[in-house]
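Visitor: Per the UniProt record's numbering, the sequence shown starts with residue 1, numbered consecutively.
Possibly wrong hints are sitting among the right ones.
Result set (SDA-like, lysine to any residue): computed pairs, CA atoms no more than 20 angstroms apart in a straight line [as the list claims (entries may be wrong)]: (1) K20 / E59; (2) K57 / I68; (3) K5 / G76; (4) K33 / Y44; (5) K33 / N6; (6) K33 / T45; (7) K57 / N28; (8) K13 / E70; (9) K13 / E75; (10) K20 / T53; (11) K5 / Y44; (12) K57 / K5; (13) K72 / L51; (14) K72 / I48; (15) K33 / L56; (16) K5 / E17; (17) K25 / E8; (18) K72 / Q55; (19) K72 / N28.
Derived CB-CB ranges, DEER-like [said to hold, decoys possible]: (20) N6 / K57: 17 to 23 angstroms; (21) N28 / N6: 30 to 36 angstroms; (22) D69 / K5: 26 to 32 angstroms.
Rather than coming from a laboratory, the hints here were simulated on the basis of the structure. Treat the numbers as computed from the prediction; the structure is a model and nothing was measured. Beta carbons are placed, not taken as given, at the ideal position from N, Cα and C, and that holds for glycine.
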Amino acid sequence: MAALKNTESTLEKRAFECAKTLLHKYPNPHVPKLQENSNLEDSYTILITLLYTEQLKAEEQSEIATIIDEMKLLEGNR
Numbered sequence: 001m002a003a004l005k006n007t008e009s010t011l012e013k014r015a016f017e018c019a020k021t022l023l024h025k026y027p028n029p030h031v032p033k034l035q036e037n038s039n040l041e042d043s044y045t046i047l048i049t050l051l052y053t054e055q056l057k058a059e060e061q062s063e064i065a066t067i068i069d070e071m072k073l074l075e076g077n078r
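Produce the complete structure using the sequences and hints provided.
Guide: Here's what the structure looks like:
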């Protein structure tokens with residue numbers, strides 16, 4: 001159980017940093033604001049919104065897809 005929490009914490013940090021970086025690069029008034037205390041679901045919402053509203057580079061799309069896949073795996077292990 002501790003390993004699952006650690007994995008979730010790491011994923012939450014990665015998702016937050018990815019969302020923060022992409023929001024800085026692609027400011028979008030339709031994307032919710034990212035707060036320092038945002039949780040994984042907040043970052044997920046922002047990443048999905050950016051994925052569908054911006055023309056991201058292939059590596060940015062891949063990074064988002066990787067985070068989403070890891071979230072699905074994590075959810076499946078709960």
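Visitor: Are the hints correct? Go through all of them and say.
Guide: Status of the hints after comparison with the structure:
1. K20 / E59: 16 angstroms, holds
2. K57 / I68: This hinted pair holds, its Cα atoms lying about 17 angstroms apart.
3. K5 / G76: Roughly 14 angstroms between the alpha carbons, so the hint for K5 and G76 holds.
4. K33 / Y44: 12 angstroms, holds
5. K33 / N6: Not OK: K33 and N6 at ~26 angstroms, beyond 20 angstroms, violated.
6. K33 / T45: 10 angstroms, holds
7. K57 / N28: 16 angstroms, holds
8. K13 / E70: Given that 20 angstroms is the threshold and the Cα spacing comes to 13 angstroms, the pair holds.
9. K13 / E75: 16 angstroms, holds
10. K20 / T53: Roughly 16 angstroms separates the two Cα atoms, so the pair holds.
11. K5 / Y44: 18 angstroms, holds
12. K57 / K5: 31 angstroms, violated
13. K72 / L51: Judged against 20 angstroms, a Cα distance of about 17 angstroms means the pair holds.
14. K72 / I48: It holds: about 14 angstroms lies between the C-alpha atoms, which stays within 20 angstroms.
15. K33 / L56: It holds: about 19 angstroms lies between the C-alpha atoms, which stays within 20 angstroms.
16. K5 / E17: 18 angstroms, holds
17. K25 / E8: 26 angstroms, violated
18. K72 / Q55: 24 angstroms, violated
19. K72 / N28: 26 angstroms, violated
20. N6 / K57: 17 to 23 angstroms: 30 angstroms, violated
21. N28 / N6: 30 to 36 angstroms: 32 angstroms, holds
22. D69 / K5: 26 to 32 angstroms: Hint violated: Cβ distance 19 angstroms, outside 26 to 32 angstroms.
Going down the numbered hints, you'll see the structure goes against 5, 12, 17, 18, 19, 20, 22, while the others check out.
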